[in-house]
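S.K.: Residue numbers (the working numbering), protein chains in the order written: chain D, 30 to 136; chain E, 2 to 90; chain G, 3 to 935; chain P, 4 to 110.
Worth flagging that the hints you see were computed from the coordinates, not collected in a lab.
We treat Cβ as the ideally placed atom computed from N, Cα and C, and that holds for glycine.
This list has only true hints and no planted wrong ones.
To give an idea of the interface, some chain G residues facing chain D are shown, with a C-beta separation under 8 Å as derived from the structure:
| id | residue |
| --- | --- |
| 1 | P789 |
| 2 | I791 |
| 3 | M792 |
Dumping the calculated DMTMM-like pairs for lysine to aspartate or glutamate here, alpha-carbon to alpha-carbon at most 25 Å:
| id | chain 1 | residue 1 | chain 2 | residue 2 |
| --- | --- | --- | --- | --- |
| 4 | D | K116 | G | D782 |
| 5 | G | K440 | G | D356 |
| 6 | P | K96 | G | E683 |
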Amino acid sequence: MLEYLLSFLILAGALFTFVGSLGLARLRDFYTRLHGPTKASTLGVGCLLIASALFFSTRSEGISLHEVLVTLFLFITAPISAHLLAKAALHLGLTSLAPPPEDKPRR
Amino acid sequence: MLTVALSIAFVLVGAAVVLSAWRLLRGPSAPDRILALDTLYINAIALLVLLGIHLGSALYFEAALLIAMMGFVGTVALCKYLLRGDIIE
Amino acid sequence: MNLFFAVLTPFLGAVLVAWASRFGRSHAAWAAGGVALTALAWLSPLLSQPFAGTTVVQRLEWMPSVGLDLVFRLDGLGLLFAGLILGIGLLVILYARYYLSERDSMGRLYAYLLLFMGSMLGVVLSENLIQLLIFWELTSLSSFLLIAYWREREMARMGARMALAITGAGGLALLGGILLLGEITGSYELSVILASGDLIRGHSLYLPTLILVLLGAFTKSAQFPFHFWLPHAMAAPTPVSAYLHSATMVKAGVFLLARLFPALSGTPEWSWLVGGAGLCTLLLGAVVALFKHDLKGLLAYSTISHLGLITLLFGIATPMAVVAGVFHIINHAIFKASLFMAAGIIDHETGTRDMRRMQGLWQFMPFTATLAMVAAASMAGVPLFNGFLSKEMLFVEASEMASQQSFGWLLPVTVTVAGIFAVAYSLRFIHDVFFGGKPLELPRTPHEPPRWMKVPVEVLVLLCLVVGLFPAQTVAPLLAVAAASTLQTALPEYNLAIWHGFNPALWMSVTALVGGVLLYLVRRPFSLLHDRFEGQLDARRLYNALLQGLMVIARRITALLDVGSLQRMVFVFIGFALLLGWMGWSGDRSVLTGSRPLLPVDAMSLLVTAVLTVISVAVVILHRQRFTALVLVGFVGLVVSLIFVKFSAPDLALTQLLVEVVTVVLLLLALYFLPQHSPVESHPLRRSRDGLLALLVGGGVGALAWAVLTRPHSSIGDFFLANSVSGGGGSNVVNVILVDFRGFDTLGEITVLALAGLAVYALLEKLHISGPSQNADGRDWNWDLHPVIMASFTRLLLPLALLVSVFILLRGHNLPGGGFIAGLVTAVALIMQYLANGVAWTHSRLSANMHPVVGVGLLIATLTGLGSFVFGYPFLTSTFGHMKWPLVGDFELASAMAFDLGVYLVVVGATLLILIHLGLMHGKEPVRGKGGH
Amino acid sequence: MEALLAFVIGLLTACGVYLALRGRTFPVVLGLTFISYAVNLFLFSMGRLSIGQPPVISVSANAYADPVPQALVLTAIVIGFAMTAFVIVLALKARADLGNDHVDGQN
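Go ahead and model the full structure; you've got the sequences and the hints to work with.
M.R.: Dropping the structure here:
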């Protein structure tokens, strides 16, 4: 039973992680790409951490709290990074939904 | 069962790493690269958690914790450089 | 131990005097005099022993394993010289107090003088020859400082350099000679060497030994052909000349001759080399002295001539001659010192040293004139003065030699000629200066010097008279013991009477006196002749040419190696490393792959490696877009830390992660002040060349790593693993090694870290550089600083991060973590505040001054180390005991944890020191002043 | 696995050497960073490779990785950072005094 739960969580987490990166790679402009990784950092890593929390709490003595700490960090920091990235993008005037310009040294 | 899930998960996360790395390489803009780097840090966390479960050792959580922290600091620093140039003022 | 302290006192005194001079010139003088007296006091209890015929030898264990001890020896000769050094030293100190002008620094002169005094004492009181040589070189160095006392004068610097070069070279030769002596006799102790004279003379290495030793002695004593440095050393202040160039420095050479006389003398080689050099020097010095127009120049050449006289006497090498030589050492020291002082007074009063400009000073300074006349008479060898006695002895020896060898008659003739010139230049010194008309355009109108400036001269002149009149009652005993200890045998029969009846020597003296007067009267044409050929035949030209050539060659070599291009140097360096590596490997035909069983490759590692490869290559290709390159490097660092995780090194993984981020922040801070892009400047050909080299090196290092990785190994790590818990009280072996087993290394490493931090701080203090006001695309910076969401949330994160760091620090001894990592975490957490909330906000809550943190950290680390001394354990032995910790659970509290705390503080301090001040630098516009905090 | 690590070490070294041969200070510093990665890994590899055997004494563990190279490399990493900081500040100093960022001080 527990094993099923664990497997499910692990798979879900990995999947979300993958989806996040997929979004990052495939979406067409920066602002949309910004969405992708948020899934990875919240849902993806979240599931995995719950999984490992369950895993270690059940097999080793005492419940392990590190995962909570990691989750806390991620959940606090994710929005900030996203916010800053968006700010930077706006500041640099990245146009939305435009095809990515050729990557050449800026003068 | 669990091992199967783990191996599948490894494959998925590996794929995620490749995709993020591609974005890191491709850019095109600086924020894209920073975002990619941030994502790679997230992927690394996932990787570590999986490794921890796989090896059944809890010694890797500090690494995960610190990656979470460092990823954030790095992203902030890089973004602030784009915004302000001078990041400590 | 007295001898040791007697030598040590002046060295310590030099520091004292330099300090005392802050309270005034007289204080410095008193201090210096006190030091000299103290040294004398140390000697006084032993003074009676040499007269009783015993040789005092005092020994301090220094390096017994190699037979090097601090051994001091006081016998008659040493006593005589120690007396000269200290006695005349005292007079010179008194004299210098009034000679120096207000502008000159008293403390410096006295400090140098005392340094020299100590070195000289060391030379004359050493029993061990190596030790003697060390002091010998110290005299060269300190005399360099003294001659160049007036640094601003070009002549002074040149003269000092020349003196140092010549005497230094001589010292080198002397070292060779001493080593040979040690080889021959098997000991460096004088008492052994002096006893084994026959062994040395019989040895096949005798001639080289002799030549090397003589080179040392001749250069020091300004013997022909090495005499030319002495006149140039006259650029020194006159007290220095009075001290160094009459009594001490130049006497060191003849002292060496006397010291080693029993060991080396008694062979024809000795007689020809020493006697020959002495004779030439005697004549040359006497002749040139007559035609010098510079007062001190005349004295310098006369000194050369008299040193030649002494050398000649040692060269003649009959016991009687040795007695005469030692006697003349005393006499010359006395009258030449007083003459230099008199010259100094004249210089001081008239403001010039050119004898063509000063006449008839008698009416201005009759008293000084009288003193000078007595001393000069003694120099000329006029009866009733001390100079006469020893010169008479020389004449006796010379006339006796005449009958002994073919061409022996040359000796008395030459000596007499030299005597004639000596009389002539002494006469000139007196007549040209004090008589014969009025002085013309003197810089100042002269008058008698201050009272106490004359006293030293009076004392010395009085000695000239007393010794000259009553030798037997005054100097005889000292001379006896000195000569005896020089000869190391029984003394010959001699009496120091003034009147020896009508013997050849008397006639030689008369000839010298009469001839001298005549020569002085008819000197004009000779003088003109000399002025024509001034500096024509001079060993100094050779010396300069030699020096020039040396410089040219040195420059050539430097230019050949260093073209001033870092790129080229790095290329050459790496190329050579590659070459050597290749030669080393191809040298022995060992197989590359070892026998160690390999680990299976898993897909994930393969994948990550592939990605890493792509990104690294991308960095190389994109390195001109610096920001992009930096972001990519961030990823490389991440992968490296993942590698550490993979291969079971959690501590390294943590450290790598933290350092990575800190480095990125650092490079960003620097990048702000640097161009955003690197121009394309190196030719494609060159780039491919570099690329080729890089590939080769990479391949080589990879192969090396492979060779290592595939070979089985046994490590001392097993010991640490076995003893970590029992011995170190911690289960995280890496941390236990750091803070316990190898704690001393770690102490050194955090010291380096602290130093680097301070160095960066120091560099930044002076650095004024302002960054661009726009980014690379010419877009203005975004001015709304710290977005509120970031600011508030990071403040929320701070306690969390600090909690983590404390947690990591505490458990570091047992689980991955420890001082380094915790320190970095704290540093990053604080940097985060700077990033998110800005400097102003942070500094209102946290001081920017990180020096105390670093200092306290080092202190704690060192103290815990010392703490183990208290319990009688060696440095940094750790003790530990169990204790129950509320949150973390049961773990040992080891004293090593205090050490770890020290590490923690140093890391935090140094890291923040670097980053914050780098960040604050842009605020350091000159108007804002330095620091910005 | 050993082959992979050896390859990585060689790769990092090669990149580092190439960058260190560039003419501007910033790439040179990046190159030094690469080289220090490589050196740290190389030193670390002196202890040979082992997976899942961290040198932390515990009852369950049957074998441990060699702790000595790890201890050495740990301090090496930190001091490496300090040295990088020193070099970069020297670079800034050169920039301020010479007006350009060429390693030989002339354009």
